[in-house]
Structure formats: C-alpha cells, structure tokens
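Novice: Chains as they are written, first to last, in numbering that gives the first Met the number 0: chain A, 0 to 245; chain B, 0 to 217; chain C, 0 to 51; chain D, 0 to 203.
Watch out, some of these pointers could steer you wrong.
DSBU-like mimics (lysine-lysine), calculated; alpha carbons at most 35 Å apart, straight line [to be verified]:
1) 35/C x 189/D
2) 121/D x 37/C
3) 46/C x 14/A
4) 121/D x 152/B
5) 14/A x 191/D
6) 3/D x 48/C
7) 191/D x 35/C
8) 3/D x 191/D
9) 14/A x 48/C
Simulated from the structure, these hints should not be mistaken for laboratory data.
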Amino acid sequence: MSEKRSLWEYANPRKFMGLSGTLLPWVAISGGALLLIGLIWGFFFTPDDYRQGSTVKIIYLHVPSALMAINAWFMMLVASLIWLIRRHHVSALAARAAAPVGVAMTVIALVTGAIWGQPMWGTWWVWDPRLTSFLILFLFYLGYIALWSAIENDDTAADLTSVLAIVGSVFAVLSRYAVNFWNQGLHQGASLSMDKEENVADIFYYPLLVAIAAFILIFVALVLLRTRTEIRARQLRAYMARERMQ
Amino acid sequence: MIALLDRDIKLAIRAGGGFGLGLAFFLIVVVLVPFSVGPKSDLLAIIAPGILWLGALLACLLSLDRIFALDYEDGSLDLLATSPLPMEAIVSIKALAHFLTTAVPLVLATPLFGVMLNLPAEGFVWVMISLAVGTPALSVIGTFGAALTVGLKRGGLLLSILVLPLYVPTLIFGAEVARRGTLGMDIQTPLLMLAGITFATIALLPFASAAVIRINLR
Amino acid sequence: MMVDLGDYAVPVISAYISSIVILTVLIWASLSRSAKVKRELEEFESKRKSNG
Amino acid sequence: MVLKVSDLAVSRGGVLVLEGLNFTLKRGNALILRGPNGSGKTTLLRTLAGLQPAVAGRIEAEQDDIAFATHSDGLKPTLTVRENLTFWAHIFGSNHIDEAVDAFALQSLLNRSAGALSAGQKRRLGLARLMISGRPLWILDEPTVSLDKESVARFAETVKLHLSKGGAALLATHIDLGFEADVFDVSPFKAKPTDLPFLDEVML
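Only chain A is shown next, with the shape it has when bound in the complex (with noise of 0.2 Å):
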C-alpha cells in the first residue's frame, strides 16, 4: 500500500461503490440519532424566547434546511464543475442525485417559513426577501431537475445540467441581490428575524448546532444513497444500450 493514492480514484465508479457502500449506514445511522437527539432537544428542552414565544423551536428545522438547501445547490455546482473539468462520471451523477435533496430541503425552508411567519406577520406569505430568494431557489431547481429528465444522452444530459448549474449560480446570487433591493422599503426590516444572531441565545445555539450536524448527515447520507442508484441506473441503461445494439 506504499504506492501513492489520490482521492480522485474515489471517482472511479467500482471504487466509489465500495467506499460509499461501507460509509453509507454509518452516516445514515449517526445522521438519524443526532436529528433525534436535536429534535427532543430543541422541542422539549428549550424555553421560549421572550418575544417569539414557543415558534422559536421551528429554528431547528428551518436553519438546518435552509442551509442545506443553499449548500446543495453549492455542491451540484462543485460536482458540475468536476465534471466539465474531469470527466468524472460519478461527480455528474452526485450532482443529478443531490438536487431532489435540495428541493426537499428547499421546501421544508419554505414551508417552516411560512408556518413562522403566519403568528409574526399575520400571513402565510410574505415578499420578504429571504422566502422570496428561497422561491428563485426552488425554481432554479426545478429546471435543474426538468433538464436532466428531459434529455436521454447521459452525458449530454451531465454537460448541459452542469452549464446549467453555473449560469444558474450566478443569476441566484444576482437574484439574491435584486431582491434584497427590490423589497427596501415595501417591507419593514423584520422586527423579529429567526437567523439574527442576537436572537440565538446558547441555550437555543446548542441544540440548533445538533440539528444542523444532522441535517449535513442525512443530506450525505441520501446523496450517497442516491448516487448509488444513479450509478446502477446508469450501469443497467449502457447494458440495456448494448443488449439493442446486438
């Protein structure tokens, strides 16, 4: 084993099953516990905050999916890039595995959002800034997801989601901005925001930094998961490929 190793092997497909599929349950089961661990821990052992009362416990969930749902669309960029630099099948694969995660993600962002906001606001939806820019978000992947189901060429498919991917980036962060601008002074700056900092005392800091750990490992663990079927998948439509050829 002295021969020198990079982790560019990993992208190998046969080497990627093999590590993923020993790495699978032990993020999956550690992921699990730290959700439930946050979870009991924030809806029960927490007090509420003075202002926000007990709606502050929804923290838990929408800040670990909020992130996570930025940091998924951050990494099928990462992914989109390793392929149009490196040809590595699996890195385009990962990247068309994590979008549904990201969705799903988004949505919870969403959904806790709006949930948050009906006793502080009086509605169900706001144009505040940060839902509307969770909005774009959710959109930017669902044509992400519609081109990749629409095309059959696998690896046209890869390339074109992966351009996709990086103009898409640039237009999320130049979204990110339009929006803040164009919301000045239709809304008032939130009184009560769940993300500033002040409002995230030690008390509510430790649980949310569990859940968020957890969400990092469920979010690993299904894309490891999903990428693993992406694999098969794609092994399964070259043998069903070849089997028309003959």
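Starting from the known structure of chain A, arrange chains B, C and D on it as the hints suggest.
Specialist: Chains B, C and D only, in chain A's frame:
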C-alpha cells in the same frame, strides 16, 4: 454575420409570426389586465409600469423557442456549425435578431399600451428607456435557454421553466426603473444595475450558449 | 411529558409534522428507487450470466 | 492528402459504434462509405465534420476545408432559391452563385420560393450549396436521396468536376454513382461490446 442577421429578420417578416406574435401577446396582457383588476384609473396608473414590463417579458418568453427550433429541424444549424462563423457569433446574432424582431416592436408599441393603462405622462419615457435597456438581456438570456432545449420534443414548457428564474433580476431592476421613473423618484441605482446586467449577459452568456449548442449538436 | 407551547402550539407542531413528513417522503422515495434499480440490475446480470 | 483517419473510434449516444478505422482520402479522389443502416456512417461523417468529438484516434484534416451536407438541406421555404443560395454564399465569404446555379440547372427556379420546390429540386439546391462553399473536401450523407435518375447523373457529374479541380469527396450512399471511387465498408469495424459497459469502461 450580417447575412445571418438579414436572413433571420427576413424569415421573421415572411413567416408573419415574427413581429406579430410578440405584439399580439403584449396586447392580450394589456387588454385583459383592466378586465381582471377593475377599470379604476388610479389603480391602473399605479400598476401600469409593472404590467407593461410583465407583458413585454411574457411576449419575449413566448417567442424564444423559435430562435433555434426551425434551424435545428431543417438542418441549417448543423450547416452553420460547420461554416466559418464561430458558434459564439451565431448565437449572438440569433439573440440580436430576436431582440430586433420581438423586443424592438414591443418598445415602440409601449406608448400606445401605456395610454390604455392610464400610465402617467412622466412614465412613458422611463418605461421605454427601461425596456430598451433591459430587453436585450431578455433576448440573450432567452437565447441561452433556447440553446439548452434545442432538439427536445416538448421543449417549450421546459424552456419557460428554465428561463423563468433567470429573468428575475432583469425584471426586478427593469420594472423598478419604470416604477420609480413614473413616480419621479431617483432611478440611478436600478438603471445602472439593469444596464450592468444587459452588458454582462451580452458579453458572457454567448459563450455558454455556444457551448450548449455544440453539446446539443453532437 | 408535554411542553406548554402556549398560543403557538398549532404552528409549531404543524411545522414539525410537515418537515418530518417531507423528510420521510424523500427518504422513502430514495430507498424504494434504490431497491428497485438494484433489483433490476441484479436480474439483468443474472440473466446475462445464465445466457452465457 | 486532405483527410487522414487513423485508429478512429466514434460513438453515438454514449455507445461506441465504430472503432479502429483507418483510411486516407487524397485530392482528386472520392471515397464511398458503405454499410447497413445504423452501422454508424452518419455518426462517422458528423465526427469528421467536427460536429462531435472522436472517442479515440486521430483525424488529420483542416476543418476549414470541409463542407458538410446532411439528409436535410437547411433550406428556408419562405426564401427564394436565390436568397437561400446567396445567404450561404455570404456565410462562406463569397458572392458567386452562378457557377453552382449552372451546375445544378437552377436558373429557371431562381425566383421561386424554396418551399414550392419538389423534393428533388430541393436536394439539388442543397447540393448547390456545397459548390458555393468553395471548400475542397465534401462530406456528403446520402446525397442522392429523393433524386431521380437524371439528377443523380447530374450530381455525379458535379462531383467528378469537383474532383478534377483538385477537390475530394467522402460520401455515404447505397447506390452506384457511376464514377470511379474507392469503397470503404464500415461493417468490419463495428465496435465490439465490452463485458461491463459502464462500471469498468469508465476508469480514471
């Protein structure tokens, strides 16, 4: 390159749909809005800049799939790809042709539609300026979307889904220029942003569109 | 053991329930598709082997 | 020599179709590709024309030498024959369409819109585009589809003229064009399927 632009404009004129389609859609939006929100002049005056931008954006969106579809189907795109023209030039010309045949008529028709929506007098010039500055970006971004979906059956719906979030910043800044201009407010920041988006997309996005077309032709 | 959620019991609980439902659906969908693809691939490979 | 292909492999839709191709095409010569439908002739021609990347091997040719013609002619039905030809002439940086018009007997059709032409006339118009391009290496995919006997003969004459002027042509066709050309059968180069198509093919 001029030959390609010339041909695309000729095709748009002869096919009839070129100028007509976008304008007709713009007209539909402008006529239907008062029926749906009520005829009150003061309400219409407030929302007119936004409605005009929305109508222009939807009219652009509707005509995007024509940018490459016909050239793909009849093989012209293959032939153009093997011609001396670089693909970046081809997609830029296509975007320019879309701008000239779809967006320019919309900008020119804006005063008429502004009157129908009771747009305040100060608003006309700013709505037209914001559309003139912003619609090139819509054409260039739309060309990228059309390049992504070229060759796909039922690409139209997918094209709309892909382009929708990409249009958000342009719409926000464009409509903001129109709104603030109409109200006599300071328009410098949104106008600069709008111009920035337009120049940046014109400068950079053709490279992405060209790459995507090459992938799709393989 | 029940915590007093005060006036906001409904939003807090519905946020938790909806999030857990979404996560469960995602995990279930990922697992079932994984199982389905794995089964199909194994069937295909065993068929190939028996055919030589 | 205008085209030299060594150890070339091409794929369609991610599946290897032809491999180990070797051939050369010299000025003044024509090479006819044969092989059953679906054997990868079109894929090979598209690869040579630079529309898709080769999987392996080398293609030695100047991209600027190649004029490519597909099954479809790339004609605009609402433009006249003259406009269609002038457009392609401009794209290839020339103004002269007369020679091509004569070669394919299109004079009487010049002011007709391309949409009103018969299938054979359209095909002739599409092939006239090749002459206009002024490029020495013609890559033609099924050039005689929907041409009648007379037009095929005229087409063969045009190719011969092109060859005599130092051009070269690579054609995929089933019929006998009645001029001297080398024949290259692609069937023996059909790619052999590997044991595990994806997991083992995709290595680092």
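Novice: With reference to the structure, classify each hint as holding or not holding.
Specialist: Hint check:
1. 35/C x 189/D: Roughly 33 Å separates the two Cα atoms, so the pair holds.
2. 121/D x 37/C: At roughly 51 Å apart (the allowed maximum being 35 Å), residue 37/C and residue 121/D break the hint.
3. 46/C x 14/A: holds (25 Å)
4. 121/D x 152/B: Within the cut-off at roughly 26 Å; holds.
5. 14/A x 191/D: Holds, at about 25 Å.
6. 3/D x 48/C: violated (41 Å)
7. 191/D x 35/C: holds (30 Å)
8. 3/D x 191/D: Holds: residue 3/D and residue 191/D sit about 23 Å apart, inside 35 Å.
9. 14/A x 48/C: Given pair residue 14/A, residue 48/C holds - Cα atoms ~23 Å apart, limit 35 Å.
Comparing the model with each earlier hint shows violations of hints 2 and 6; every other hint is respected.
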